[in-house]
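Asker: Given next are the chains, with one letter for each unit.
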Amino acid sequence: MKIRIGLGSCGIAAGALKVMEVLKTELDSHNLKLEIQQTGCIGMCHNEPLLDIIEDNGQTFTYGKITEKIIIAIIKQHVLEGKLVEKHLVNSCANPNDFLAEQVRVALRNCGIIDPEQIGHYIDRGGYEALKKAITMSSEGIIEEIKTSGLRGRGGAGFPTWFKWNATRNNPGEIKHIVCNADEGDPGAFMDRSVLESDPHSVLEGMAIAGYAIGAAEGIIYCRAEYPLAIRRLEIAIKQAKEKGLLGSNILGSPFAFDIRIKQGAGAFVCGEETALIASLEGERGMPRLKPPFPAQSGYWGEPTNINNVETFANVPWIIAEGGKAFAAMGSQTSKGTKVFALAGKINRGGLVEVPMGLSLKDVIYKIGGGIKENRNFKAVQLGGPSGGCIPAALLDTPVEYESITATGAIMGSGGMVVMDETTCMVDVARFFLDFTQKESCGKCVQCRIGTKRMLEILERICNGEGQPGDIELLHEIALKVGEGSLCGLGQSAPNPVLTTIRYFQEEYEAHINEKKCPAMQCKALITYRIDPDKCKSCSICAKKCPVNCIKGEKKKPYVIDQNECIKCGNCMEVCPTKFNAVIVE
Amino acid sequence: MLCKCEKEDQNQAADSPDLSMLDEVLDEYRSQAGSLVTVLQKAQDLYGYLPLTILRHIAEEMNIKPAQVYGVATFYTQFRLTPVGKYIIHLCQGTACHVNSSEPIETALIQELKIKPGETTPDKLFTLTNVACLGCCSLAPVMMINGQAYGPLNPNKAVSIVKDFYAGEQQASEGGENA
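Protein chains in written order, with this note's numbering: chain A, 6 to 591; chain B, 28 to 206.
Everything labelled a hint here was simulated from the structure, so no lab data went into it.
Backbone N, C-alpha and C fix where the C-beta goes; we use that ideal spot for every residue, glycine too.
Accuracy of the hints is not assured; some may be wrong.
Quick list of simulated restraints, FRET-style, between CB atoms [unchecked claim]:
#1 A:D539 to B:P149: 43 to 53 Å
#2 A:A333 to B:G75: 31 to 41 Å
#3 B:Q59 to A:K521: 20 to 30 Å
#4 A:K486 to B:Q197: 33 to 43 Å
#5 B:A194 to A:F164: 51 to 61 Å
#6 B:P179 to A:T583: 19 to 29 Å
#7 A:K458 to B:L152: 31 to 41 Å
#8 B:D72 to A:E287: 20 to 30 Å
#9 A:A106 to B:P149: 54 to 64 Å
#10 A:I546 to B:P179: 19 to 29 Å
#11 A:N569 to B:A194: 55 to 65 Å
Quick list of in silico lysine-lysine cross-link-like pairs, PhoX-like style, CA-CA up to 20 Å [what the hints assert, rightly or not]:
#12 A:K549 to B:K143
#13 A:K529 to A:K540
#14 A:K137 to A:K247
#15 B:K184 to A:K549
#16 A:K529 to B:K143
#17 A:K550 to B:K151
#18 A:K444 to B:K143
#19 B:K184 to A:K550
Work out the full structure, taking the sequences as your base and the hints as a guide.
Answerer: Shown next, in the form of structure tokens:
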């Protein structure tokens, strides 16, 4: 028997390190010598911290939301007496839960299973077999296999991977480069982080195969500095791969040489754009330039450069090992294989999921994600982050594939999927994304630099109850110009959140502008919290829980909220005992 | 007329960091083209922020125009040109945090600490900064203090966590005095 603990960033944030400590002490106190293995993230973030018990026969039982008490119970009941602690069991291999049962794991095949800091674990699960196979193939043969698989870039735009590889390979130049784009900047997306933290070798192997196919001797991983754990695990993985002769010169005894280094980004969303990323790699301000020439023609230091996303590379070893046809057998007509999504927001089971393309949004949100928190009504799902859009309930049957998602006005994007319910204000969501793109605009194109600023100002005034007739039309007009007049994807897609929310939720904009009302009760300037003097029983709970101490009162007299100090957090409403329900929002 | 960086320099005249701390980094990267971002990152690790004297020193040593170094240092959000407090509060502004009401948390922290995002408390204990996304979306809303994530938060919890840090500091300093 061995015990496995999920130590991804989210697990650690939920307290997994503490769990590890307690577990060790508890095992010691019972004189139990069990192997404790760390692993990355299985994706069930909603149940973190997670603990697996793996029986000698390979059966795995997963316990969730682990606390000190639960550990003691697991050791007493499960480890010592062999009885399951049903109450805290979240998954068992014999009876997979709904969250995992619907998934098909290709890019995430090892996540949450292996110890990412041990290359042996990766190799035991067939790791580096694809590289071994690749170096016996011709580079055309590899590119052909990728073409057969139908793999498209998982970073957002969905460009066919084989085409980029082929172009980089065929462009003249002695030196060629492979770059892995790990600058995952979408707020609400954490797919790449999880893959890098949980299975770094899959990305290294994918890059090495690409290097062989293209004729590059060096790969660079451009990773966000905000992902320290991912960087640390990548460093360990690169070192181990070099020691095993899987990176460096004479890989696996062949003449093929390929090395990988990490370059840390410094926090600029626009650096997810290929040409901006290259500028940043060269030590400059990360500003995009006109394409063509494409990076495949003239990239890093003017040499042919192939840039793919983390998830794209993680798929490559699987495709080479299992064959392009096997990959193409999954998914839909135009979108092959699987896609990883980071499910978050107002959803019951948030986390990382990988599904075959073509599954409907409804299935992802309800079957896997378990529906909306607190049984509220679904309102919209946001796909593609600041470049994407909001898809309403009426379009929930849309399959997750590039073309269908684009037809809704959103984009597939890198896989952030943020679910919103009736308490989310769609105008505020549009404002939120514009605030983000406006800050992240590099300033090169006038339309993007000034247009996003003007759009933000309009959205702010609408949220503040100062919207004017004609604002919606004006937003529409500027949005189209920003999209047309920008050089790179950031500006071209910045209007998407605004355009989709206007398209599907125009009545909400109108309520803000014409009636000065926020139907979702979110826009601070348009709502007030008040205590109903007839219902208030002067229990003082709200006053004690008010983070800014703006509720005053005394015994036997109704409490009053000081409207000048109130930050409208809604805390008082939440803590007011349901039998009184004295706090009103209007 | 002085350029913007010269003006800021006058304000920081009293600040004279030890330049030699950077020698090793400069020796390693001086000859590597395109390593300015990396050098700035290492310098910030060493000094906690990027004082203008350091930026000028890097420009001279790496043979890059000071304006270009300043341009790069101000382009990326990771770089800070002013000193930070002992505890850096990274308040997540990701989409998941936003829809799970992160805004009142920001407001509550602003009221508690009496500083705006980007500023440091006068006692140099806390710096409040907004970050785009910490990637712990299922714990939303989240903040991170010196690498440790806290979530899911509400305004109350956030304020009490900061108060705990403050109490811990006071205890430590009192303990120090008694000893």
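Asker: Hint by hint, note whether the structure agrees.
Answerer: Hint check:
{"no.": "1", "hint": "A:D539 to B:P149: 43 to 53 Å", "result": "holds, 45 Å"}
{"no.": "2", "hint": "A:A333 to B:G75: 31 to 41 Å", "result": "violated, 52 Å"}
{"no.": "3", "hint": "B:Q59 to A:K521: 20 to 30 Å", "result": "violated, 58 Å"}
{"no.": "4", "hint": "A:K486 to B:Q197: 33 to 43 Å", "result": "violated, 55 Å"}
{"no.": "5", "hint": "B:A194 to A:F164: 51 to 61 Å", "result": "holds, 54 Å"}
{"no.": "6", "hint": "B:P179 to A:T583: 19 to 29 Å", "result": "holds, 21 Å"}
{"no.": "7", "hint": "A:K458 to B:L152: 31 to 41 Å", "result": "holds, 34 Å"}
{"no.": "8", "hint": "B:D72 to A:E287: 20 to 30 Å", "result": "holds, 21 Å"}
{"no.": "9", "hint": "A:A106 to B:P149: 54 to 64 Å", "result": "holds, 55 Å"}
{"no.": "10", "hint": "A:I546 to B:P179: 19 to 29 Å", "result": "holds, 20 Å"}
{"no.": "11", "hint": "A:N569 to B:A194: 55 to 65 Å", "result": "violated, 29 Å"}
{"no.": "12", "hint": "A:K549 to B:K143", "result": "violated, 25 Å"}
{"no.": "13", "hint": "A:K529 to A:K540", "result": "violated, 24 Å"}
{"no.": "14", "hint": "A:K137 to A:K247", "result": "holds, 15 Å"}
{"no.": "15", "hint": "B:K184 to A:K549", "result": "holds, 13 Å"}
{"no.": "16", "hint": "A:K529 to B:K143", "result": "holds, 19 Å"}
{"no.": "17", "hint": "A:K550 to B:K151", "result": "violated, 28 Å"}
{"no.": "18", "hint": "A:K444 to B:K143", "result": "holds, 17 Å"}
{"no.": "19", "hint": "B:K184 to A:K550", "result": "holds, 10 Å"}
The structure is inconsistent with the numbered hints 2, 3, 4, 11, 12, 13, 17, although it conforms to all the rest.
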